[in-house]
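Participant: Protein chains in written order, with UniProt numbering: chain A, 1 to 436; chain B, 1 to 436.
Worth flagging that the hints you see were computed from the coordinates, not collected in a lab.
Quick caveat, the model's predicted, so the values are computed rather than measured.
A portion of the hints provided could be inaccurate.
What the hints assert, rightly or not - Sample of chain A residues lacking proximity to chain B, with all beta carbon distances greater than 10 Å (derived):
| id | residue |
| --- | --- |
| 1 | Arg176 |
| 2 | Arg198 |
| 3 | Phe259 |
| 4 | Arg436 |
Unchecked claim - Computed Cβ-Cβ distance ranges for the label pairs, DEER-style:
| id | chain 1 | residue 1 | chain 2 | residue 2 | range |
| --- | --- | --- | --- | --- | --- |
| 5 | B | Ala200 | A | Pro289 | 23 to 29 Å |
| 6 | A | Pro289 | B | Gly302 | 45 to 51 Å |
| 7 | A | Glu195 | B | Phe151 | 23 to 29 Å |
| 8 | B | Arg417 | A | Arg130 | 29 to 35 Å |
| 9 | B | Asp181 | A | Pro153 | 29 to 35 Å |
| 10 | A | Gly67 | B | Asp181 | 19 to 25 Å |
| 11 | A | Arg414 | B | Gly302 | 17 to 23 Å |
| 12 | A | Arg198 | B | Pro286 | 54 to 60 Å |
| 13 | A | Glu203 | B | Pro286 | 40 to 46 Å |
| 14 | A | Glu195 | B | Leu328 | 35 to 41 Å |
| 15 | B | Ala390 | A | Glu195 | 54 to 60 Å |
| 16 | B | Leu158 | A | Glu203 | 42 to 48 Å |
| 17 | A | Glu393 | B | Asp181 | 38 to 44 Å |
All C-beta atoms in this analysis are idealised placements derived from N, C-alpha and C, irrespective of residue type, glycine included.
2 protein chains.
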Amino acid sequence: MSGLDATHDPARRSWVPGADGHADFPIQNLPFGIFTPPGGDAPRGGVAIGGHILDLRAGLAAGLFAGAAAEAAEAAAAETLNGFMALGAAPRRALRQRLAAILAAGSAEQGRAAACLHSAAGCALHLPARVGDYTDFYVGIHHATNVGRVFRPDNPLLPNYKYVPIGYHGRASSLRVSGTDVRRPQGQLKAPEAEAPRFAPCEKLDFELELGVWVGPGNALGEAVPVGEAAAHVAGYCLLNDWSARDIQAWEYQPLGPFLAKSFGSTLSPWVVTPEALAPFRIPQPSRPEGDPAPLPYLLDGADQREGALDLALEVLLLTPAMRERGLPAHRLARSNARHMYWTVAQMLAHHTSNGCDLNPGDLLGSGTLSAPDPAGLGSLLEMTQGGRAPVELPSGETRRFLEDGDEVILRARAAREGTVGIGFGECRACILPAR
Amino acid sequence: MSGLDATHDPARRSWVPGADGHADFPIQNLPFGIFTPPGGDAPRGGVAIGGHILDLRAGLAAGLFAGAAAEAAEAAAAETLNGFMALGAAPRRALRQRLAAILAAGSAEQGRAAACLHSAAGCALHLPARVGDYTDFYVGIHHATNVGRVFRPDNPLLPNYKYVPIGYHGRASSLRVSGTDVRRPQGQLKAPEAEAPRFAPCEKLDFELELGVWVGPGNALGEAVPVGEAAAHVAGYCLLNDWSARDIQAWEYQPLGPFLAKSFGSTLSPWVVTPEALAPFRIPQPSRPEGDPAPLPYLLDGADQREGALDLALEVLLLTPAMRERGLPAHRLARSNARHMYWTVAQMLAHHTSNGCDLNPGDLLGSGTLSAPDPAGLGSLLEMTQGGRAPVELPSGETRRFLEDGDEVILRARAAREGTVGIGFGECRACILPAR
C-alpha cells in the first residue's frame with residue numbers, strides 16, 4: 001500500500017486527552033477545518049484531535065512550525081482552506097508529519113501546543129472552503145439502478161451509465177455546514193393524475209448519503225487532468241447530504257436535470273479528511289461485473305485501478321422529534337460503503353476536466369448517493385420506501401415515507417481495517433424546519 | 001412607461017467625441033464594466049461612453065462624485081462589480097444621474113472628467129463580476145421546441161415547459177469575457193449506430209445566442225423573492241454565448257442534464273447594461289397563445305406582465321478564417337429578439353428562489369437560446385441546420401453544419417424604439433481553437 005509513513009503507525013499515541021481511542025479523530029487522522037473559538041473574533045483554520053481543535057494561527061504564533069510545514073500552516077490558518085487546498089500534497093504532508101510529531105505522546109512541544117487547543121464543544125465550525133463550483137456525480141450504481149426503477153421503470157440504468165461518469169452542476173451558494181437547519185422547500189408539485197401542478201411545500205423530502213471530495217490544485221481552462229494525475233488534485237473528503245425534494249424533482253427534471261429539487265440546501269461535514277489519512281484504506285477498484293464495458297482509455301490508469309477506491313463505511317441515522325422527546329437514540333436507517341462507487345474519484349475528476357473544464361481549489365465534487373447492493377444499505381428514503389410506497393418503521397413506533405418537520409438526519413463515515421487505527425469523518429447532521 | 005427620467009432624454013448630447021450617435025454607448029446607455037487601462041496596474045471599474053471608458057477610480061480621485069453617487073462609484077470602482085451589484089437600484093440610479101450630468105455637453109465638469117477617459121481600444125476588458133453561481137434557463141420557447149424536435153422527435157415540448165421556468169445549474173468557473181478564445185472540447189461521442197462511444201474532439205460544436213442577467217442584491221437562504229419584487233434584484237444585462245458540444249450533449253445528458261457539453265467555456269459581453277438604461281425598451285409580456293395555462297400565482301404579477309419583457313434585438317454573426325482572409329465582413333446568421341422569452345426575468349428569478357435557494361450579487365442567469373419563430377431567427381446551428389442535416393451557406397461559398405476551428409462567433413444586442421436613442425450591448429465574440 002502506497003503513501004504510508006510514521007503518521008499512520010497504529011502504535012502512535014497522543015498526549016491530548018481523549019484522542020487515543022477517539023472514534024473519529026485519533027492522532028492518525030488529523031483533519032483540517034475552519035472554526036471560531038469561544039469568544040473568537042474570526043474564523044481560522046484548525047486541526048481536529050480527539051475532542052479538541054488545535055488552532056493553527058495560535059500554533060504559528062507559538063512557533064510550532066517551520067519550513068514547508070509552516071508554509072502549509074500559514075495557508076491552513078486562514079479564514080478558508082482554499083489557499084491550503086491549492087498547495088497540493090507535498091506541503092500538506094509536511095504539515096501532517098509535523099502535527100503528528102507535535103501531538104504525539106512524549107512530544108517536547110506538548111506545553112506550547114496545549115496552549116493552542118480548544119475544546120471542540122465550545123467552537124463554532126464553518127464550511128472549510130469557499131466553494132467556487134459544486135458538481136454532483138451519480139457514481140453509486142446501486143442507487144442509480146434503484147432510482148432509475150422509480151422514475152423510469154422500463155429503463156432503470158441508461159446506456160451511457162457504464163461509459164460516462166454521469167454528473168451535473170450543483171448549486172454552490174446553498175451549501176451549509178453540518179448543524180445548520182434546512183428549511184423545507186416549496187415548489188411545483190404535480191400528482192400523476194392531476195391536470196396541472198400546484199405550488200406547495202414539498203411532500204417528499206429526502207436525504208442522500210454521499211461522499212464529498214474537495215478539489216486541491218486546479219487546472220487551467222482547456223487543460224485536461226489525465227486520470228493518472230487526478231488523485232494529486234484531491235485535497236480531501238467529507239460527508240455530503242444532498243437533500244432532495246422528490247416531488248419537485250419528478251416534475252421539473254426533464255430535460256435539463258435536477259434544479260430546485262436540490263438547490264434549497266446541501267449539508268457538509270466540517271472536517272476535511274486528507275488523502276494521507278485515508279491512505280491505509282485504499283482498495284482496488286472492484287472488478288466490473290461480467291459483460292460491463294471496460295472504461296475508455298482516458299479513464300483507465302493502472303495505479304488507480306489498483307488502489308483508487310476507498311473502503312469507507314457510511315451510515316445514515318434518523319432522529320425524529322418523538323424519539324428526541326422520549327430520549328431514544330438516533331435510529332440507523334442504512335449502512336453502506338464508498339466501495340460501491342462505479343467510478344473512482346480520479347475517474348470522476350479526469351472526466352470532469354476531459355473537455356477542458358477548469359477545476360479550482362475548494363471546488364466540491366459529490367459522489368452521488370452511495371447505496372449498497374443489499375436492502376439494509378440504501379442511501380435515500382426514495383429507495384428504502386420504494387418511492388414512498390413502503391414506509392420505514394422506526395423504534396419509536398412511528399413510520400416514515402419521507403422526512404417530516406423536526407426530523408434530524410445524521411450521516412457518518414468510518415474507515416477501519418485490521419492493523420490500522422480506524423478514523424472517522426465526524427458527523428454531517430441537520431434538522432428539517434417547516435416550510436415558510 | 002415607468003422609470004424614465006432625464007438620463008433617457010433623447011435630446012441629451014455628450015461632449016465625449018464619438019459618443020453621440022454611437023451604436024452601443026451613447027450617453028443614454030452608460031453601462032458599467034471592469035477594465036485595465038493601458039499600462040494600468042490593476043483592473044478597476046469604468047463606464048463606457050462612445051469609444052471611451054470613464055475610469056471611476058480616477059473620477060473619485062478627481063472629486064467628481066458626492067453623496068449616494070460617490071458611494072456607488074466607490075463600489076463600482078473596485079476590481080469586480082460584485083459590491084456595486086449588491087447595492088441595488090437607488091445608489092446605481094444616483095450614480096447614473098451624476099454620470100449623465102458630468103458627461104453631458106455643456107457640463108462644468110468636462111475638464112476634470114476628460115482627464116479620466118481612456119480610449120476603449122487600448123483597454124483590456126474583464127468579466128465584470130466574480131460569478132458565484134451561474135444558472136442557465138431555457139425560456140426561449142421556439143428554441144426549446146426546435147431542439148426538442150431534434151432530441152425527442154415525438155415529444156418536442158415536455159408537459160412541464162409551460163408551468164416551470166426550466167433551468168439548470170451551469171459551470172461558473174469556465175465563464176470568460178468576450179475576446180477569449182475557446183478551445184474545442186474533447187469528449188465521449190457516440191454515433192447512433194455505434195456500439196460504444198469513442199473519446200475524440202467534438203464534431204458538433206455550436207453556439208447559443210442568449211441574454212445574460214446579472215443578479216444584484218441577493219436573498220437569504222430560505223427566503224423566496226416574490227415575483228413582484230424580483231425586478232429589484234437585477235443589476236443588469238449582458239450577452240451570453242453558451243457554447244455547446246451537441247455530440248457530447250446527446251450522449252451524456254440523460255438523466256441529469258447537460259454537463260461537459262457546456263462546461264468547457266461560455267462567453268460573456270463585458271458591459272453591464274443597467275435596468276435603468278433599458279427602461280425605455282420594456283414591453284408587456286406577450287400574451288400566451290390560446291390554450292396555454294396561466295402562470296401559477298407565485299409567478300404572476302401585474303406590473304411584471306405589463307412591462308416585464310424587453311424589446312431587445314439580438315443577432316449572431318459568423319466570421320470564418322476564409323472570410324477573414326478575403327476581407328469579407330462577418331455574416332449574419334440570425335436575427336432574434338429578447339421578446340421571445342416565454343418567461344420574464346422576474347419570473348425566472350422568483351422561480352429560482354421559490355424553493356429558498358439563495359442568489360448572491362454577481363450571480364449570473366442565462367435566458368437559454370432565444371430563437372425567433374421564423375427561420376431567419378434561429379439562435380443555434382443545431383436549429384439552423386436541423387441537427388447538421390441542412391448546412392448553412394455562407395457568402396464565402398463555404399458551408400457550415402457546425403463550427404470549424406478558427407470560426408469566430410459574434411453576438412450583438414440593440415434596443416431601439418421611435419422617440420428614444422437606441423443603445424447596444426457591445427459585442428460578445430470568441431474564436432474556436434483546435435482541440436488539444
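Participant: If a hint holds in the structure, say so; if it doesn't, say that too.
Facilitator: Hint check results:
1. At the 10 Å boundary, the C-beta of A/Arg176 falls inside the reach of chain B, the nearest C-beta of that chain being 7 Å off.
2. The beta carbon of A/Arg198 sits about 7 Å from the closest Cβ of chain B, which is not more than 10 Å, so the claim that it is off the interface is violated.
3. Under the 10 Å C-beta cut-off, the non-interface status given to A/Phe259 relative to chain B is violated; the minimum distance is some 6 Å.
4. With 10 Å as the threshold on Cβ separation, the claim that A/Arg436 sits away from chain B is violated: the shortest Cβ distance comes to roughly 7 Å.
5. Separated by about 27 Å at the C-beta atoms, B/Ala200 and A/Pro289 satisfy the suggested range of 23 to 29 Å.
6. For the hinted restraint 45 to 51 Å between A/Pro289 and B/Gly302, the CB-CB distance of approximately 59 Å leaves it violated.
7. Distance hint check: the CB atoms of A/Glu195 and B/Phe151 are about 26 Å apart, consistent with the given range 23 to 29 Å.
8. In this structure the supplied range 29 to 35 Å is violated for B/Arg417 paired with A/Arg130, their Cβ-Cβ distance being about 43 Å.
9. For B/Asp181 paired with A/Pro153, a C-beta distance near 46 Å fails the hint of 29 to 35 Å.
10. Checked against the hint of 19 to 25 Å, the C-beta distance between A/Gly67 and B/Asp181 comes to roughly 41 Å, which is inconsistent with it.
11. Distance hint for A/Arg414 and B/Gly302: a CB-CB separation of about 57 Å, inconsistent with the stated range 17 to 23 Å.
12. Between A/Arg198 and B/Pro286 the Cβ separation comes to about 25 Å, which falls outside the hinted range of 54 to 60 Å.
13. The given range of 40 to 46 Å is broken by A/Glu203 and B/Pro286, whose C-beta atoms sit roughly 34 Å from each other.
14. Checked against the hint of 35 to 41 Å, the pair A/Glu195 and B/Leu328 fails, with Cβ atoms roughly 54 Å apart.
15. The beta-carbon spacing between B/Ala390 and A/Glu195, approximately 38 Å, falls outside the hinted interval of 54 to 60 Å.
16. With their beta carbons about 22 Å apart, B/Leu158 and A/Glu203 fall outside the hinted range of 42 to 48 Å.
17. Checked against the hint of 38 to 44 Å, the C-beta distance between A/Glu393 and B/Asp181 comes to roughly 60 Å, which is inconsistent with it.
Going through the hint list in order, the structure does not satisfy hints 1, 2, 3, 4, 6, 8, 9, 10, 11, 12, 13, 14, 15, 16, 17.
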